[in-house]
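Colleague: Single-letter residue listing:
Number of protein chains: 2
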Amino acid sequence: MKIGFIGLGIMGKPMAKNLVKAGYSLMVNNLTPEPVEELVACGAEAGTQREIAETCDIIMTMVPNSPQVKQVMCGEEGVGAHMRPGTIFIDMSSINPVASKEIAEELKKYGVEMLDAPVSGGEPKAIDGTLSFMVGGKQEIFDQCKPILEHMGASVVRCGEVGAGNTTKLANQIVVAGNIMALSEAMMLAKKANVDPQLVYEAIRGGLAGSTVMDAKAPMMISGNDKPGFRIDLHIKDLNNALDCAHTVGSPVPMTAAVQEMMQWLHAHEGGSKDHSAIVQYYEHLTGQKVSE
Amino acid sequence: MKIGFIGLGIMGKPMAKNLVKAGYSLMVNNLTPEPVEELVACGAEAGTQREIAETCDIIMTMVPNSPQVKQVMCGEEGVGAHMRPGTIFIDMSSINPVASKEIAEELKKYGVEMLDAPVSGGEPKAIDGTLSFMVGGKQEIFDQCKPILEHMGASVVRCGEVGAGNTTKLANQIVVAGNIMALSEAMMLAKKANVDPQLVYEAIRGGLAGSTVMDAKAPMMISGNDKPGFRIDLHIKDLNNALDCAHTVGSPVPMTAAVQEMMQWLHAHEGGSKDHSAIVQYYEHLTGQKVSE
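The listed protein sequences derive, respectively, from chains A and B.
Count along the first sequence starting at 1, add 194, and that's the number in my numbering.
Count along the second sequence starting at 1, add 194, and that's the number in my numbering.
Everything labelled a hint here was simulated from the structure, so no lab data went into it.
Some hints could be false.
Repeated chains share a single entry, so a pair holds when one copy, or any two copies, can fit it.
[What the hints assert, rightly or not] Okay, derived cross-link-like pairs now, DSS-like style, lysine-lysine, Cα gap no bigger than 25 Å in a straight line:
hint, residue 1, residue 2
1, Lys332, Lys386
2, Lys215, Lys386
3, Lys431, Lys386
4, Lys303, Lys319
5, Lys196, Lys386
6, Lys468, Lys319
7, Lys196, Lys215
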């Protein structure tokens, strides 16, 4: 069995390396040559997208967003049109689940089955092979591919049919963004009311207000640390997909729209490369006071 | 030493009982006679507010909100004006921290020191004596009163000067409300996108999206259970105080305003006696679909 891997970015490169280490025969492709050379040095083979389409049994993509997946896979010149019937496409990018379904629909014409399998965990877990996969697709295709994904992830969960992986990822990103906004609002109020945010954090973290976001991000807000972690611009991308998806399926997302707007403001004023916990800086800008001061 | 206890409601009654059990001499007062009789049967003494003011060394209140605390404590006919210099007032009600400071200021005139000491944990923890106290006031007064509060609470944390207890409580309630809103929005989106909310919950609870709210409330939303828990109308009261306080200190609270509006809508349409996780019903009403169906 031969695996094709398209997209060797910050996430894709270490993920592909883990597959080579696990002993799979890998053909890789990327827009820029350096990560391809790195993978070839590890034992992978370089190939064009067409070569990957024509020779691989399972093809994976790890690219920025829905348009990039469509560009690679769809249309007469796309990878999908040149895959052999019975082969499998696994998209591990975080994209709009509506796009996942559209791509799966097109691939059906070529006899190709698809899983959408976005991940959470970021670069460190990509390197360690301990990502969390949220997967959508047919049960039998999932069962067949799970052992491969397990070389890149500590948790591989099927959430439903195609699109369910990315829907779950969007639900995750909505909750994370909302929890950061709630924490920011509470920390800022404490600061403006002259109460030490550190003491507030310590007093409430053990109760119903406690969360993984609170334990990860409150110390960053309190110390004024905005190094990523997870970048604002990536979270904006995910929330744009969440809003698109919500509009398509008819689900109201007023909180997501509000926090996305805060992130957009931050992106315009500060750039998108800070940690997403920098949402607190939206509040700090409005009050002229820093939680960390 | 004699303790006065004013306000024997759902929370106050079991809290007062725990003080009697701990061996304190207690004089109690309440608007209605039944809980007073119950406390007298346990070994407490009944008294008017004036008798409590004139004979007790520490006086505690556990009443609904800022106006009730002011009504009991302030003005020429209030308890404060008849307390002896050197005695202590502990308000355990959840009120506006701005009001706490105003009351403390007035009591200073009579030589009375004050702690604001709101609690979280609800009736079950009031009965068990395992509440969490968030306390504001002078360090020496806190040190003196902490052993008494520890008969009612498992955790007694000083967060700063007078008002800091209620500010911390408001921060807590902001985070809880925001986390419930975020969870509701994510669960509804999953449902409308035809992905099983239970699978979404299981897939994301272990990651950055995980929270105490998620583990407590997602199963309630998924099963359609809206029994309190913590009632919507009490959370509305707390968020009204949060908005008041935020406006006074000049801290922006757009998320708190949005979720408070959802709770107000729910109160108008469904009454205020459901669990605060019923915020999800705002989304369900808009989509015409239940997360639990």
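Colleague: Name the hints, by number, that the structure is in violation of.
Modeller: Violated hints: 2, 4, 5; rest satisfied.
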